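> Now for the letters of each chain:
There are 2 protein chains.
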Amino acid sequence: MINIENQKLIEKYLTFWEKLEATQKNLLLNNSAEKVFHKDDSIYSADEECLGVLLIKTGMLRVFILSEDGREVTLYRLYPGDTCVLSASCILNSINFEVHIAAELDTEAILINIAAFGKVANENVYAENFSLRNAMERFSEVMFAIEEILFSSIEKRLANYLLDQSDRAGGDKIKVTHEQIAKDIGSAREVVSRMLKVFQEEGLIEQGRGKIVIINEKGLEKFL
Amino acid sequence: MINIENQKLIEKYLTFWEKLEATQKNLLLNNSAEKVFHKDDSIYSADEECLGVLLIKTGMLRVFILSEDGREVTLYRLYPGDTCVLSASCILNSINFEVHIAAELDTEAILINIAAFGKVANENVYAENFSLRNAMERFSEVMFAIEEILFSSIEKRLANYLLDQSDRAGGDKIKVTHEQIAKDIGSAREVVSRMLKVFQEEGLIEQGRGKIVIINEKGLEKFL
Numbered sequence: 067m068i069n070i071e072n073q074k075l076i077e078k079y080l081t082f083w084e085k086l087e088a089t090q091k092n093l094l095l096n097n098s099a100e101k102v103f104h105k106d107d108s109i110y111s112a113d114e115e116c117l118g119v120l121l122i123k124t125g126m127l128r129v130f131i132l133s134e135d136g137r138e139v140t141l142y143r144l145y146p147g148d149t150c151v152l153s154a155s156c157i158l159n160s161i162n163f164e165v166h167i168a169a170e171l172d173t174e175a176i177l178i179n180i181a182a183f184g185k186v187a188n189e190n191v192y193a194e195n196f197s198l199r200n201a202m203e204r205f206s207e208v209m210f211a212i213e214e215i216l217f218s219s220i221e222k223r224l225a226n227y228l229l230d231q232s233d234r235a236g237g238d239k240i241k242v243t244h245e246q247i248a249k250d251i252g253s254a255r256e257v258v259s260r261m262l263k264v265f266q267e268e269g270l271i272e273q274g275r276g277k278i279v280i281i282n283e284k285g286l287e288k289f290l
Numbered sequence: 067m068i069n070i071e072n073q074k075l076i077e078k079y080l081t082f083w084e085k086l087e088a089t090q091k092n093l094l095l096n097n098s099a100e101k102v103f104h105k106d107d108s109i110y111s112a113d114e115e116c117l118g119v120l121l122i123k124t125g126m127l128r129v130f131i132l133s134e135d136g137r138e139v140t141l142y143r144l145y146p147g148d149t150c151v152l153s154a155s156c157i158l159n160s161i162n163f164e165v166h167i168a169a170e171l172d173t174e175a176i177l178i179n180i181a182a183f184g185k186v187a188n189e190n191v192y193a194e195n196f197s198l199r200n201a202m203e204r205f206s207e208v209m210f211a212i213e214e215i216l217f218s219s220i221e222k223r224l225a226n227y228l229l230d231q232s233d234r235a236g237g238d239k240i241k242v243t244h245e246q247i248a249k250d251i252g253s254a255r256e257v258v259s260r261m262l263k264v265f266q267e268e269g270l271i272e273q274g275r276g277k278i279v280i281i282n283e284k285g286l287e288k289f290l
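Protein chains in written order, with our numbering: chain W, 67 to 290; chain V, 67 to 290.
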């Protein structure tokens with residue numbers, strides 16, 4: 067059984083809560099647990115057993131796809147307050163593809179057991195509706211990421227990424243490797259390194275070990 | 067009002083039919099119409115008004131995304147028996163991206179008016195779930211297409227495409243332009259033309275005006 071604080075979060079995150087029978091509520095509460103993931107932990111992959119539904123309390127998870135030769139493309143990220151049903155896609159008949167999930171920061175989450183959630187989603191059309199809507203919202207994010215990857219030029223994608231990350235960090239300094247940028251914008255590390263060198267030569271950024279400093283924001287914005 | 071044959075099709079395609087009130091059934095039937103699209107007609111685009119829900123009777127539609135500079139990437143096709151709710155995405159709050167739809171063959175469809183379908187989906191959770199599940203199934207197809215585009219080599223994608231199309235056509239001859247192949251496999255026309263020339267030089271295919279003939283199927287299969 068989960069503590070009162072987590073119980074309140076479950077009731078808040080699962081917006082179909084009021085539509086459940088008492089036995090269904092108990093089933094979900096009795097099959098929920100707090101989980102802590104560490105930065106860079108792999109949380110879920112296509113080869114593993116179905117995980118369950120995740121409610122993110124703190125930290126950040128990254129959802130990505132992986133090619134046969136190990137190339138990663140980031141689809142979206144999960145932040146505190148987000149719910150993830152794609153980690154339970156094995157119980158959702160309409161979802162036939164597999165994503166990978168890894169922790170980008172130390173992350174606390176509530177994990178609802180797959181069998182319990184599956185039973186409730188099967189019995190209760192509102193729980194099923196919640197799952198489908200949650201997955202659809204991700205579909206929209208994925209389409210956005212895909213359009214960026216397919217249609218934006220590498221300069222534009224990279225400039226957009228740098229400006230976005232510095233906004234998030236609340237400063238001009240971004241701690242990130244070329245490898246990570248490549249994964250995030252769906253490109254190759256060599257291409258990212260080459261383009262960053264161009265940006266550096268044009269006086270738009272400076273590079274250090276594992277960090278990038280934006281020194282001409284207006285210059286980067288011209289690429290958007 | 068729609069004829070009896072089409073009414074039966076609506077009842078069959080809309081799997082939530084039995085969960086509707088009589089007034090909801092009448093609303094849908096009174097707001098459905100048979101539509102004929104001609105080959106190459108643009109049926110739906112992001113700029114146009116929301117279309118409605120399509121039930122495909124005969125023919126074939128192609129669903130794609132379009133970049134600012136006019137490049138198309140095919141996401142999936144709709145065949146007889148398929149239902150399309152993405153053409154009604156304006157009423158589905160969870161869907162926030164836009165697709166384009168064009169007729170690839172002369173196509174007969176039943177079109178359910180957007181306002182009527184939206185009202186029923188709003189009132190009836192089973193109708194909403196049908197829409198979400200229908201869209202989710204497309205999500206899986208889109209992910210498959212995207213993984214192909216991002217991860218497969220151009221040779222593999224092209225060989226796979228040619229074998230797939232000849233299977234569909236039931237023979238070795240495929241009627242298609244380089245332009246169309248490029249759209250379908252998410253590449254550029256120049257790249258497709260170059261690679262087809264390589265296939266031709268290797269004795270795998272022969273090319274004519276608007277057609278490609280496979281002359282060594284086993285050779286193409288080696289690329290898969």
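It is worth saying that the hints were derived from the structure and are not from the lab.
The model shown is predicted, which means the values in this text are computed figures rather than measured ones.
A couple of the hints might just be wrong.
The list cannot tell twin chains apart, which means a pair is met if one copy fits it or any two copies do.
What the hints assert, rightly or not - Restricting the straight-line Cα-Cα distance to at most 20 Å, the calculated cross-link-like pairs of lysine to aspartate or glutamate (DMTMM-like) are:
#, residue 1, residue 2
1, Lys-78, Glu-221
2, Lys-91, Glu-256
3, Lys-105, Asp-238
4, Lys-91, Glu-164
5, Lys-85, Asp-172
6, Lys-222, Glu-267
7, Lys-91, Asp-172
8, Lys-101, Asp-148
9, Lys-91, Asp-230
10, Lys-78, Glu-268
11, Lys-277, Glu-77
12, Lys-74, Glu-283
13, Lys-249, Glu-213
14, Lys-105, Glu-138
> Take the hints in turn and mark each one as holding or not.
Now the hints, each set against the structure:
1. Lys-78 - Glu-221: Classified as neither; 41 Å inside a copy, 50 Å across copies.
2. Lys-91 - Glu-256: Answer is neither: 51 Å inside a copy and 58 Å across each miss the 20 Å cutoff.
3. Lys-105 - Asp-238: Intra 23 Å, inter 53 Å, cutoff 20 Å: neither.
4. Lys-91 - Glu-164: neither (28 Å within a copy, 37 Å between copies)
5. Lys-85 - Asp-172: Close neither inside one copy (33 Å) nor across copies (45 Å); limit 20 Å.
6. Lys-222 - Glu-267: within (17 Å within a copy, 38 Å between copies)
7. Lys-91 - Asp-172: Classified as neither; 29 Å inside a copy, 51 Å across copies.
8. Lys-101 - Asp-148: So Lys-101 and Asp-148 pass the 20 Å test inside one copy only (15 Å; across, 41 Å).
9. Lys-91 - Asp-230: neither (40 Å within a copy, 48 Å between copies)
10. Lys-78 - Glu-268: For Lys-78 and Glu-268, the Cα distance exceeds 20 Å both inside one copy (49 Å) and across copies (62 Å).
11. Lys-277 - Glu-77: neither (40 Å within a copy, 60 Å between copies)
12. Lys-74 - Glu-283: neither (43 Å within a copy, 61 Å between copies)
13. Lys-249 - Glu-213: For Lys-249 and Glu-213, both the intra-copy (15 Å) and inter-copy (14 Å) Cα distances are at most 20 Å.
14. Lys-105 - Glu-138: within (17 Å within a copy, 38 Å between copies)
Against the hints set out earlier in the document, violations occur for numbers 1, 2, 3, 4, 5, 7, 9, 10, 11 and 12.
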